[in-house]
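Novice: In order, the protein sequence lines correspond to chains A and B.
Heads up: the first sequence is residues -19 to 75, going by my numbering.
Heads up: the second sequence is residues 182 to 508, going by my numbering.
These aren't lab readings, by the way, just hints derived from the structure by calculation.
The reader is advised that the hints may include incorrect statements.
[Stated by the list, open to error] Some chain B residues well away from chain A (every beta-carbon gap over 12 Å; in silico):
| no. | residue |
| --- | --- |
| 1 | A204 |
| 2 | I210 |
| 3 | E217 |
| 4 | K228 |
| 5 | Q233 |
| 6 | W314 |
| 7 | N372 |
| 8 | R377 |
| 9 | R385 |
| 10 | R414 |
| 11 | F415 |
| 12 | K423 |
| 13 | V429 |
| 14 | T450 |
| 15 | H452 |
[What the hints assert, rightly or not] Okay, derived cross-link-like pairs now, DSBU-like style, lysine-lysine, Cα gap no bigger than 35 Å in a straight line:
| no. | chain 1 | residue 1 | chain 2 | residue 2 |
| --- | --- | --- | --- | --- |
| 16 | B | K215 | B | K302 |
| 17 | B | K261 | B | K352 |
| 18 | A | K(-4) | B | K215 |
| 19 | B | K423 | B | K300 |
| 20 | B | K402 | B | K302 |
| 21 | B | K215 | A | K58 |
| 22 | A | K(-4) | B | K261 |
| 23 | B | K399 | B | K261 |
| 24 | B | K302 | B | K261 |
| 25 | B | K208 | A | K58 |
| 26 | B | K423 | B | K352 |
| 27 | B | K352 | A | K(-4) |
| 28 | B | K215 | B | K399 |
| 29 | B | K352 | B | K228 |
| 30 | B | K423 | B | K376 |
[Unchecked claim] The following label-pair restraints were derived from C-beta to C-beta distances:
| no. | chain 1 | residue 1 | chain 2 | residue 2 | range |
| --- | --- | --- | --- | --- | --- |
| 31 | A | G27 | B | R475 | 50 to 58 Å |
| 32 | A | A55 | B | D400 | 47 to 55 Å |
| 33 | A | Q(-15) | B | R370 | 42 to 50 Å |
| 34 | B | C351 | A | Q(-15) | 36 to 44 Å |
| 35 | B | S355 | A | D49 | 38 to 46 Å |
| 36 | A | I40 | B | N384 | 46 to 54 Å |
| 37 | B | R475 | A | V13 | 35 to 43 Å |
Don't be surprised by glycine CBs; every beta carbon is placed ideally from N, CA and C.
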Amino acid sequence: MSKQQWPLFEIFVRAKSGLSHRHVGSLHAADEVMALDHARDLYTRRGEGVSIWVVRSSAITASDPFDADSLFDPAEDKIYRHPTFYEVPDGVENL
Amino acid sequence: MYTQGLDQQGDSLKSVDEATRLAAFQKRIDAEDKIEPRDWMPEAYRKTLIRQISQHAHSEIVGMLPEGNWITRAPSLRRKAILLAKVQDEAGHGLYLYSACETLGISRDELIDQLLTGKAKYSSIFNYPTLTWADIGAIGWLVDGAAIMNQIPLCRCSYGPYARAMVRVCKEESFHQRQGFEIMLALSRGNDEQKRMAQDALNRWWWPSLMMFGPSDKDSKHSAQSMAWKIKRFTNDELRQKFVDVTVPQAHFLGLEIPDADCQWNDDTGHWDFGEIDWTEFKEVLAGNGPCNRERLQARQDAHDNGAWVREAARAYAEKQARRNAA
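If we strip away everything but chain A, and leave its shape as in the complex, we get:
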């Protein structure tokens, strides 16, 4: 029995023009062309998309969940980045 499994690909599908590609899952394939074929069979059997991206899983660099606090918490206390932070007196319009 062959112990060499095909590499893993992450699949992204654009549901319709105007929307961005969205991660839908992954699959194994020998190469990119086969990954596209398989993605078409596996993830668009009911007209779920108009375009497919396949990316080798090994090509993705991801943030570490253990860094989540240091990466994302600093944004939480910067409420001045949101328009609701600012005072708009009654009577002022179009601001």
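With chain A's structure known, arrange chain B on it following the hints.
Specialist: Just chain B now, with coordinates in the frame of chain A:
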């Protein structure tokens, strides 16, 4: 990226007290937070999920066999196209689930190995034969019906990739049950022989369908922990009762009889009562002694062996192309 989840459990956490980590994990679960592949999780949570998701994936794959048996003999082109699409869906569901399982750090090869060596189980229902066309109706109606009952709560499972796969599966599965019921409906409106076929299929598939929900709560060794971890949302017996409650009236609509003398409406409980399940049969089939266990595994083994040269050739071709492009 998903399959690299295991390398996150390095030394950085050794200093943290195991109990504290477990408590923090349970807190996330209780708050309905989803666990993702690279998050810390207790080893037992990971193992439980691998066992459950892989069983589920194997069931989808082996489940293609009893139905595949009738693709070439479907009674009309319409039925044939539908059955083909349904069996294709089952393959798809198996693949979504294998991918979800791999995010827990086990490889596809290991998973396939576990199926072929008999180390991993699959749903006992697929070890029963499909003797007549009515069985295809009964499978869609009862087996897929029971599966949907089981799977809808899994869409809210605490493990993100499993929950996402299940959302997809459930969306696709809803036509499966209806097409099965439609087959039963056509037969039950047919001539006497067709009606007999429908009843015979119900007689053979009813009890195995009830067994699909697994052992009774008092004998289910995994239930309590899986409920606490929100891998399961309802107990086996709760789901089984739900299934009986929705299915009995459907059988009556078809003019069919549930093959259970104890099956009657209970005004006090507001549920349909049903008789004791033959757990000896359940255990026998799980242990490999059902009518088709050997045949099913042999079919998987043959498919795997006969496909080996294709997998190898595709890999060799990909490597050659990669070398050419590099040169």
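Novice: Check each numbered hint against the structure and report the violated ones by number, ascending.
Specialist: 3, 23, 31, 34
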